[in-house]
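Chemist: Each chain, written out:
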Amino acid sequence: DVKVTQSSRYLVKRTGEKVFLECVQDMDHENMFWYRQDPGLGLRLIYFSYDVKMKEKGDIPEGYSVSREKKERFSLILESASTNQTSMYLCASRRRTNYADTQYFGPGTRLTVL
Amino acid sequence: SQQGEEDPQALSIQEGENATMNCSYKTSINNLQWYRQNSGRGLVHLILIRSNEREKHSGRLRVTLDTSKKSSSLLITASRAADTASYFCATQETSGSRLTFGEGTQLTVNP
Chain A
1288 DVKVTQSSRY
1298 LVKRTGEKVF
1308 LECVQDMDHE
1318 NMFWYRQDPG
1328 LGLRLIYFSY
1338 DVKMKEKGDI
1348 PEGYSVSREK
1358 KERFSLILES
1368 ASTNQTSMYL
1378 CASRRRTNYA
1388 DTQYFGPGTR
1398 LTVL
Chain B
171 SQQGEEDPQA
181 LSIQEGENAT
191 MNCSYKTSIN
201 NLQWYRQNSG
211 RGLVHLILIR
221 SNEREKHSGR
231 LRVTLDTSKK
241 SSSLLITASR
251 AADTASYFCA
261 TQETSGSRLT
271 FGEGTQLTVN
281 P
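In order, the protein sequences belong to chains A and B. Here the first sequence stands for residues 1288 to 1401, numbered as in the working numbering. Here the second sequence stands for residues 171 to 281, numbered as in the working numbering.
Derived by calculation from the structure, the hints in this document are not laboratory data. Given the structure is predicted, the values throughout are model-derived calculations rather than measurements. Hints may contain errors.
[As the list claims (entries may be wrong)] Partner residues are not named here, just some residues of chain B that face chain A (Cβ under 10 Å, in silico):
hint: 1; residue: L218
hint: 2; residue: F258
hint: 3; residue: E273
Idealized CB from N, CA, C, for every residue including glycine.
Taking the hints into account, I'd like the entire structure generated from these sequences.
Modeler: What follows is the structure, encoded as structure tokens:
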């Protein structure tokens, strides 16, 4: 079974802090994704990575950056956390194929910025 | 903007009843997927239907796709309390591209 893990289930940070959210997958998937989930807004894509050292902006990249130095790890960075970044953050991975394929999600990190 | 829009936003039924959730989308798609999310957890893939398919089954799940109406439905038969969760549809416009998720339907199955 594919396993996607996220470094923390719950995280509390202060405004202005630099925050790192880590995601690791163990199935050699090429593609990895970061979403945030807010009530009434569903899942919104922040950044995604098709392969190592590759990244593309999603729908709401402002205030975030990412790093993909190794295939299994995709990090989301909040350079200077703000209260409007309080949210549930979900990481996902996917094998790149020529067919339709599914995403495998981690358990989520609930981040609170005070 | 959201590609998929689920309807209803919330659904409450009794155990044993069937639950039907609908999803509408706006653009041409390669496939449509349904995911489930238990409260406070990540999403789990349930079923995928390709644009050239009209109906698909998996256990107690039945998914239909009408590309002319740009809509899909998820039917859960003989529901159980353990089916209580949020259900999301997600569309993929081309093979290998990103998924676009709807806002979800919150299903509550009362024992």
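Chemist: Each hint needs a verdict: does it hold in this structure or not?
Modeler: Comparing the hints with the structure gives:
{"no.": "1", "hint": "L218", "verdict": "6 Å, holds"}
{"no.": "2", "hint": "F258", "verdict": "7 Å, holds"}
{"no.": "3", "hint": "E273", "verdict": "4 Å, holds"}
Every hint, counting from the list given before, is met by this structure.
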